[in-house]
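First to last, the sequence lines map onto chains A and B.
Residues 1 to 351 (my numbering) are what the first sequence spells out, left to right.
Residues 1 to 247 (my numbering) are what the second sequence spells out, left to right.
Rather than coming from a laboratory, the hints here were simulated on the basis of the structure.
We put the CB at the ideal spot given by N, CA and C, even for glycine.
Hints are not guaranteed to be accurate.
What the hints assert, rightly or not - Below are the SDA-like pairs computed for lysine to any residue, each with C-alpha atoms no more than 25 Å apart in a straight line:
1) Lys42/B to Thr287/A
2) Lys85/B to Phe345/A
3) Lys192/B to Asn199/A
4) Lys192/B to Arg205/A
5) Lys192/B to Gln204/A
6) Lys191/A to Val239/B
7) Lys192/A to Lys186/B
8) Lys192/A to Glu37/B
9) Lys85/B to Gln204/A
10) Lys85/B to Asp185/A
11) Lys42/B to Asp185/A
12) Lys192/B to Val239/B
13) Lys227/A to Asn199/A
14) Lys85/B to Ile206/A
15) Lys192/A to Phe55/B
16) Lys271/A to Trp194/A
17) Lys7/B to Arg205/A
18) Lys271/A to Gln204/A
19) Lys191/A to Asp154/A
20) Lys42/B to Asp193/A
21) Lys42/B to Asp327/A
22) Lys186/B to His69/B
Claimed, not checked - Listing some non-contacts, in silico: residues in chain A with all C-beta distances to chain B over 10 Å:
23) Met61
24) Glu176
25) Arg205
26) Glu208
27) Ala230
28) Thr287
29) Lys292
30) Ser298
31) Asn321
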Amino acid sequence: MKKLWKGNEAVAEAAIAAGCRFFFGYPITPQNEIPEYLSWRMPEVNGTFIQAESEVSAINMVYGAGAAGGRVMTSSSSPGISLKTEGISYCAGAEIPCVIVNISRAGPGLGGIQPAQGDYFQAVKGGGHGDYKCLVYAPSSVQEFVDLTAKAFDKADEYRSPVMMISDGLLGQMMEPAEIPPMVDLNKLPKKDWATCGNDQYRQRIIESIHISPDDLEAHNHHLFKKYAAMQKNEVMVEEYKCDDAEVILVAYGSVARITKAAVDELRAQKIKAGLVRPITLYPYPTACLEKLAKQKSVKRFITVELSMGQMVEDVRLAVNGVKPVDFYGRAGGIVMVPSEIVDFVKGGKK
Amino acid sequence: MKKVFGKSRLQNEVPLHYCPGCTHGIVHRLIGEVLEEMNADKNVVGVFPVGCSVFGYNYYNADGVQAAHGRAPAVATGVKRVAPKSLVFTYQGDGDLASIGMAETVHAATRGENITIVFINNGIYGMTGGQMAPTTMLGDKASTCPMGRDPKTHGHPIKVSEMLATLTGPAYIERTACDTVAGVLKTKKALKKAFEYQQAELGFSMIEILATCPTGFHMRPSDAQKDMKRAMDFYPVGVYKDIKGGK
Ligand SMILES: Cc1ncc(C[n+]2csc(CCOP(=O)(O)OP(=O)(O)O)c2C)c(N)n1
Ligand code: SF4
C-alpha cells in the first residue's frame with residue numbers, strides 16, 4: 001500500500017524490510033531522520049542501533065558487524081562520508097557487504113546543508129585510498145530510493161562489497177507516496193560461511209585487507225577488479241527519456257534529473273528535440289548508453305546538468321569521446337536550478 | 001615420553017614473528033591457555049588492529065578480524081552485536097589504543113560494551129620503528145623524541161587504566177606486568193577474570209599489560225626486562241575497577 005513517506009524515513013524502513021538489523025550512525029544534517037527513525041524502529045525488530053562516537057567509529061562498527069555476517073547499514077552526509085572513507089576502503093579490501101547512504105550537502109569543508117552533488121568523485125572514483133570501487137546508486141524519487149535500498153543489500157551480499165546510495169536533502173526531506181516492500185524472511189538471506197562470528201567448531205576464518213606480499217596483493221587487486229568487471233556487465237541501470245529522435249541530450253542524475261526532465265518537456269513544447277539520460281548507477285557508469293547516443297545521427301550535442309562545478313561531466317566526456325560536443329550547466333553552493341534555467345542554457349548556451 | 005608442556009589447543013603450530021624478548025608472544029600464549037581452561041575456545045573472535053601484532057589472528061585456531069589503526073573497539077562492537085554469544089576480544093598496542101584509537105576505547109568502555117580489550121603498553125610504537133607513543137615515559141628516548149620525552153614539547157604520558165576507571169561503564173580494569181614469572185601468572189589470572197566477566201555478560205573489561213619492546217628501545221632483551229621496573233613505578237599494577245568489588 002502506498003503511503004506518504006519522507007525520503008529519509010522511507011530509506012530507513014526499506015532497510016528494515018530488506019532485513020537490515022544493524023545500524024551505526026552519527027548525527028549530521030540533512031540525514032538525521034535516518035538514525036532517529038532507526039533508533040526506535042530497530043529495537044522493535046530485535047535489531048541493533050548505536051549512535052557511535054564519530055563517523056569513523058560508525059563505519060568501523062559496520063565493518064565488524066558485516067565481518068560477522070550481519071546485514072548492516074550506516075548513513076551520513078558529505079563531511080561524515082569523508083571521515084568514513086578509510087573504513088570504506090577497508091570494507092572494499094576485506095570484502096565486507098554493507099550499505100552506506102550519503103544524503104550529501106554542499107562543500108568543500110563544512111560547506112552548507114543545502115542539496116549538492118559535489119561528492120560524485122568521492123563516490124565513484126574511490127574516495128578512500130587504494131584501488132577499489134563501490135556500487136553506487138543515485139535514486140531520483142522516494143519510491144526509487146526505497147526500491148534501490150532493497151537491491152543495495154542484495155547486491156552487497158552478492159558481490160561481498162560495500163554499496164553506496166547517494167542523494168541529497170531534496171530527496172531526503174521531501175514527502176512522496178511510496179510503497180515499502182514486504183519484510184524479507186531473515187531465514188532466507190544468503191548464508192555466509194566466511195563470516196567471523198565464532199561458532200561451535202574449531203575453525204579459523206579470517207577477515208583482513210592486509211597482503212604484505214606484493215604478489216598476493218596484486219592477485220587480490222585482480223580478484224576485486226573481476227567483481228567490478230562483473231558489475232559493469234550486469235549492474236548498469238539507466239533511464240533514457242525521449243532520446244530516440246533527440247538533437248540535444250541532457251545528462252543528469254538524482255534529484256536534478258527530475259528538474260532536467262521538466263526542462264526536457266518544456267523544450268519539447270517549444271519544438272526543441274531534447275532528451276534525458278539519467279544514470280541510476282553512477283558506478284558502474286552507463287557508458288555504453290552514451291556511446292550509442294553519441295553515434296546516433298539525430299544527436300548534435302550533450303549537456304551535463306549537475307549541482308556541482310562539474311564532476312560527472314568528465315565521465316560523460318569519456319563516454320562521448322569527442323564524437324559530439326559536451327557542455328556543462330551547473331549550480332553550486334546548495335542552489336538548486338529551476339527548469340527554465342536549463343531551457344535557457346540549451347537555447348542560448350554554446351553550440 | 002609424557003608431554004608435560006605445550007601450546008594451548010587454540011594456538012596454531014606456526015612460528016611467531018616477534019623479536020626476541022618481546023612480550024607479545026607471552027600474552028598470545030596466555031590468551032590461548034585461558035580460553036582453553038575456560039573451555040570457551042571454540043566461540044572466539046579476535047580483533048587485531050595494526051601494530052606489531054597485526055597478524056595475531058594467524059596464531060589462533062579461531063575467527064579473526066584485522067582492523068584499521070585504532071578502530072578495534074568499534075570493530076569488536078560490530079562483531080559482538082552480531083554474535084553476542086561469542087567471546088570477542090581486541091588486542092591493541094598503546095599507540096593504537098591510547099593515541100589514534102582513544103575515542104573508540106573510551107566510548108566502548110562507557111557503553112559497557114561486553115568485550116575484552118587486551119592492551120599492550122610497551123611505551124613505544126613498535127611496528128613503525130620506535131616512535132614516541134602516548135605512553136612513552138618522560139625522559140625516554142624514541143625516534144621522534146631523540147633527546148628524550150620532554151613535557152614542554154611532547155606533553156605527558158597517559159595513564160589509561162586510571163582514566164577509564166573513572167567511568168561507570170566498565171566492569172573490570174586491571175593493570176599487570178609481564179616482568180617476572182609471578183607477573184606473567186598474575187597477568188594470566190587477570191585475563192581469565194576478564195573473559196569470565198564477558199562470559200557472564202557483565203560488560204566491558206580491559207587488561208593493560210606492561211610489556212617490553214627491546215627493539216624499539218635499542219636494548220638487550222634482558223635489560224628491557226629489568227627496565228620494566230621503571231615502568232611499574234610510573235604505571236602501578238593493580239585492579240582499577242571491579243564491579244564485583246574484588247581485588
Ligand atoms: C591511519 C594509520 N596511521 C598510521 C599507521 C601506521 N602505523 C601502523 S602500526 C602503528 C603504531 C603501532 O604502535 P602500537 O599500537 O604501540 O603497537 P606496537 O607496534 O608497539 O605493538 C602505526 C603508527 C597506519 N597503519 N594507519
Ligand atoms: S618491535 Fe617491539 S613490539 Fe614489535 S615485535 Fe619487536 S620487540 Fe615486539
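25 Å Cα cutoff - pair Lys85/B, Phe345/A:
Violated, at about 61 Å.
Pair hint Lys192/B and Arg205/A, alpha-carbon separation not exceeding 25 Å
holds, 24 Å
Hey, does Ser298/A actually stay past 10 Å from chain B on C-beta?
Ser298/A is indeed farther than 10 Å from all Cβ atoms of chain B, at 51 Å.
Just want to verify: Glu176/A was marked as not at the interface with chain B; is every Cβ pair farther apart than 10 Å?
holds, 33 Å
With d taken as the least Cβ-Cβ distance between Thr287/A and chain B, does d exceed 10 Å?
holds, 33 Å
Does Gln204/A sit within 25 Å of Lys192/B, going by the straight-line distance between their CA atoms?
holds, 22 Å
Distance restraint between Lys85/B and Asp185/A, which requires alpha-carbon spacing of 25 Å or less
holds, 23 Å
Hint check: Lys85/B vs Ile206/A, CA-CA at most 25 Å. Holds or violated?
holds, 19 Å
Check whether the Cα positions of Lys192/A and Lys186/B lie no farther apart than 25 Å.
violated, 39 Å
Straight-line Cα separation of Lys192/A and Phe55/B no greater than 25 Å?
Judged against 25 Å, a Cα distance of about 23 Å means the pair holds.
With the threshold set at 25 Å, check whether the alpha-carbon distance from Lys271/A to Gln204/A stays at or below it.
violated, 67 Å
Does the claim that Glu208/A lies outside the interface with chain B hold up, using a Cβ gap greater than 10 Å?
violated, 4 Å
In terms of the numbered hints stated before, the structure departs from hints 1, 2, 6, 7, 8, 11, 13, 16, 18, 21, 22, 23, 25, 26, listed from lowest to highest.
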